[in-house]
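Per the numbering used here, the sequence shown runs over residues 18 to 129.
Derived by calculation from the structure, the hints in this document are not laboratory data.
Be aware that a few hints might be false.
[As the list claims (entries may be wrong)] Only pairs whose alpha carbons sit at most 27 Å apart, straight line, appear in this in silico DSSO-like list of lysine-lysine:
hint, residue 1, residue 2
1, 65, 20
2, 115, 85
3, 85, 64
4, 65, 85
5, 64, 20
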Amino acid sequence: MTKIANYLLKKELFKEKYLLKFFYIIIILTVMISFFYNIQTVQASDKKISILYFNNVTHESGWDWLSKGLTDMLIDDLSQVDVLVCSSHQEIEDLYHKYDLSPISAEIDKSL
């Protein structure tokens, strides 16, 4: 009788070891899938926005600081949104010079 009991106990322990291994494998797979899903969502953020300088049309020089100040505030606020990527001022100015957009770049240089 003890041989049968020992055999059954070993068989049950053997099953428990497999169940435990199976449980660990499920946990590891779940962690790996969630990790790769998070990487894909971060890389999928291809929505890029560019904020241009505001023009002071009031012709009062006391308001000139707002052209860059409002732009900086908007870029700072929108940079905190996870699904958007804001381009920097340097990237925008590089594009102006790359495509030879002289009237717009002249306005930007004048307003700064």
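Hint check results:
Proximity of residue 65 to residue 20 is assessed by CA-CA distance (about 72 Å); at most 27 Å being required, the pair is judged violated. Between residue 115 and residue 85 the CA atoms are separated by roughly 22 Å; this keeps the pair inside 27 Å, and the hint holds. For the given pair, residue 85 sits about 23 Å from residue 64 by alpha-carbon distance, which is consistent with the 27 Å threshold. Of the supplied pair hints, the one linking residue 65 and residue 85 holds, its CA atoms being roughly 20 Å apart against a limit of 27 Å.
Of the pairs offered as hints, the one joining residue 64 and residue 20 is violated, with about 69 Å between alpha carbons and a cut-off of 27 Å exceeded.
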